[in-house]
Amino acid sequence: MKTKLLVGISLAVFVLLSVNIIAFGLILGNNQNNQQQKIILQQNTTAAISRQQDPQSAVILNNQTQAATATSTASTNSGSSTNNGAASSTTTQQNTMMPPVTTTQTQTKMPPRTTRAS
Amino acid sequence: MGANSNIKSKVGPLLIILLALVPAVIWFIVRQGTDRFNDYATTTHSLGQLSGLIGMTLFALSFLMTTRMKIIEDWFGGLDKVYKAHHLMGVLAFVLVLFHPLLLVIKFVPSQLYLAAVYLLPSSSWPVNFGIVALLSMILLIVLTIFAHMTYQKWKVSHKFMGLVFIIACFHVFLVTTDITFYPILKYYMLGISFLGLAAFSYTLIKPVLHTSLLYEVSKVNTQYPQLTLISLKPKGNSLQFKAGQFVFIKIRGSNLPKEQHPFTIASSPSEKEITLAIKSLGDYTSQLKNLQPGTPVEIEGPYGQFDYLTWKRPQLWIAGGIGITPFLSMASYAAGTGQLPGPITLFYCTKNREESVFLQKLEQISQKLGQEKFKVVLHCSQENGYLNTEFLGQQMNGQGQHIQDMDILLCGPPAMMEGLAKSFEKKGIKKGQIHYEEFNIK
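Protein chains in written order, with my numbering: chain A, 4 to 121; chain B, 857 to 1299.
Across the chosen pairs, the derived CB separations fall in these ranges:
| id | chain 1 | residue 1 | chain 2 | residue 2 | range |
| --- | --- | --- | --- | --- | --- |
| 1 | B | K926 | A | M4 | 30 to 38 Å |
| 2 | B | K1288 | A | T6 | 14 to 22 Å |
| 3 | B | G1139 | A | T6 | 18 to 26 Å |
| 4 | B | S1014 | A | K5 | 16 to 24 Å |
| 5 | A | M4 | B | I863 | 27 to 35 Å |
These are calculated hints, taken from the structure and not from any lab test. Since this is a predicted model, take the numbers as computed values, not measurements. From the three backbone atoms N, C-alpha and C, an ideal C-beta is built for every residue, glycine too.
The following block holds chain B by itself, in its conformation from the complex (with noise of 0.2 Å):
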């Protein structure tokens, strides 16, 4: 099972690259006996066709990434995988097309270089222009997005536009006189490509009206940590079928919150009725949700992520960072209420100090009721004994008889935790396959 996924895992990296190779290929066979790269004038100016199909159509396919879909989140392995494809292939888009003009002009640089400059200034050819608009609003957007430091609300408002510019590059692409407008297979590939992006992003805006998601109300807000507000939520109608690890987005109404939706994973067991979100105070949105009173209604669109301790049958570590507990809360808590393990456990919890463990407690009830040889915590405070490495880790396993390199090994946490944690059990021979993780940071 656990060798399906990852193969399953695989499909949609491979399914993207090959779509977006394809353009490539249609254009090479099209233009097989044409001058393509007989000099630098051709070569250039084939590069900077070639850069201008794939940039738009990873553009395209990048829009479907923010679909959702279950179908995608399995072909990458997690919603959160998803969103890092989403990421690099938005980058990935912009820095081809930001090149596209550059190579279809630097052939008139230097001899002609007056031609250039007017290549790259607007014109009256409406075509020239829309794509000079849609780059320049690129540029800007993904300026807001990479470097400016906003708010969740405002990156996602500023992130809608990409539509918009998306649709003007469509313009561009079709009305403009090129390649696509000589062959019909490059065009009408170029055109399926557009349309499906143009659909993916139609649906992320009409998803709020079509009411996939399922109504709970607040019905207890516990305070008593400091940094951390824990939410109970109950069901006002169907309650919301998930795995124990999994996460859902929330949007709170009739508050003063922003009413966008944001993701939390899910601290409380799959096998109880109501559902408990612990959430770290981190940003403006967080802190505010202390002050929510009990009765509120809450949208839960869910749930997502394959962050499941079942899915892998080999003795397990589990190492948690901070709040990164919190998935594996459910999973003890489900564990403790099913009594399914698919070996013996040890969980390394790992915190500043003593006061921020406030799981603590209710780990080591768990442990007892489950048996200490079948699911072990062990808390690891960084103030005391530093960062936790692979060597203690390793020193820790082998006093329980157990060897960390036939164990999976499931992380959560913050990201240069899990990042560091995940290159030295590499080069401690641990395959890739072995080492799972879940990434907090969609935006």
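Next up, chain A with everything else stripped away, as it sits in the complex (with noise of 0.2 Å):
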């Protein structure tokens, strides 16, 4: 009878437990993904709506882009190792500080015909 009853309530509070975790894990996993998804979508929007609205601020985004780049390319030419390391890492701290996904996002899904517009 009493190992009966420890066996009982062992395997209650696992299923109880494991199956809580699993669900709500999967569950809040899901949630994340679309959130995360959500806050992406967001994002574009309000940058092609941006872009739309106020296409000189497209611009000098775009024209900053640009100079961030040829800045970036023009010590990795001309500098040394050192340089090049420093050059590099500045501009891996600008990607890293912002969140990695929205940096992504915003630099792909940007519209090509937009930019090219401006």
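Assembling the complex is the task here: the two chains are given apart, and the hints tell you how they should meet.
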């Protein structure tokens, strides 16, 4: 009787915990993915709208990006290996300080036609 | 002699505790200086590792208990105690193994719940998958063993699959990257224990082929008493050497009966050539035994059990409940034949009513032969006098000029009756070492 009770309670605890962990873990994991995708979508939409409404700022943003790329390339070409490392690290820092997914998405999802139009 | 056997019977449990704790001790030594119990995450992780190590060791050792080896029986004080230990070890191993994955993932809760969920589910990692398969199979088999009311035959077959579960668990233990991988001493200890478990399991599988049993045949089947079958067996070669009160496993060949082994206590004296088994119809198998025909071959494995009245040297109080009379029948017959008695003996034969007390006449004849002062039989019918209790026993013994505190008490009967009486005796100040019992329920 005692062993039945011990096994019964242990099994109940195991089932309760594992089922909850798996169920909530998967649901939350799914939600997090969905939220991330939502954020990306929102940012893309916001960026696209702002470009359409205010092409000037889009040009500024585009110019800034081009300038940063140029600086980075210049220091890579002209500097020593140490400078090269420093320049690279600056670029990397900029990228890592921003939410990585958002950064990537902003760069890749930017509509090329808008850039050309500006 | 009695004290020696008491000490000897503690060797087994102590050895098992020691062997089960060794991996934990090794783990503590080899992991010195590393993060073990610094915070919630490391503590739960460490407990998860320990539960896995101890659980797996107990799982392996539980197979040793099923080999019915004489040395193991001696270390535990009887095969019934060995099976009791096996049952307990199996349950403990199960509980520890059950909490092993939970304790390992609990550190991810609640902040990284997704990681915890992924950890508990099958993945591309086969070593982890082996663990998941072993755990789920173990859950299924333990639930079947403990909660499902299966026939003895089905239960035995299902229990054999535990060996397969153990092999899968071994793949998990030795393939997954853990402390066992990094610390050779822990690896070799776990390898040794696992090998022991696998060897024990293999031995139980090949045992039927090894012909360790003796061949007998049915000479007489007596079905004159309701719900009771008396089977006499005569040897077809070497005869069994046993002590009064011991039991054997029998397997009946060449009949429609299931071919698995069943344990029964011998009711006849060791000095008789034939063996008599008194079997009560309690289930499918025992109900069919009355149909046995003389000449049917029977394999006998044994003898087992350490319920030998000559082990203890004080005056004795024997208490038999129902079919629990069988070992006492053997002892009384042997005493009548040889005159070997450790002191005065009083037997309380407990049945529901007088019709059930089928062996009373035989016991009274033995009592007359030996003399009432040496061997006295008292019939106690629960329908007339209620259940037997220690107050009544105390009064009866005082009436004979004896005190139960100075006696060895031998019990055999339904588990509830034995447990209840043993507790009452202990409350009356009788030491555990004075109370001796044999449990029928080996399953």
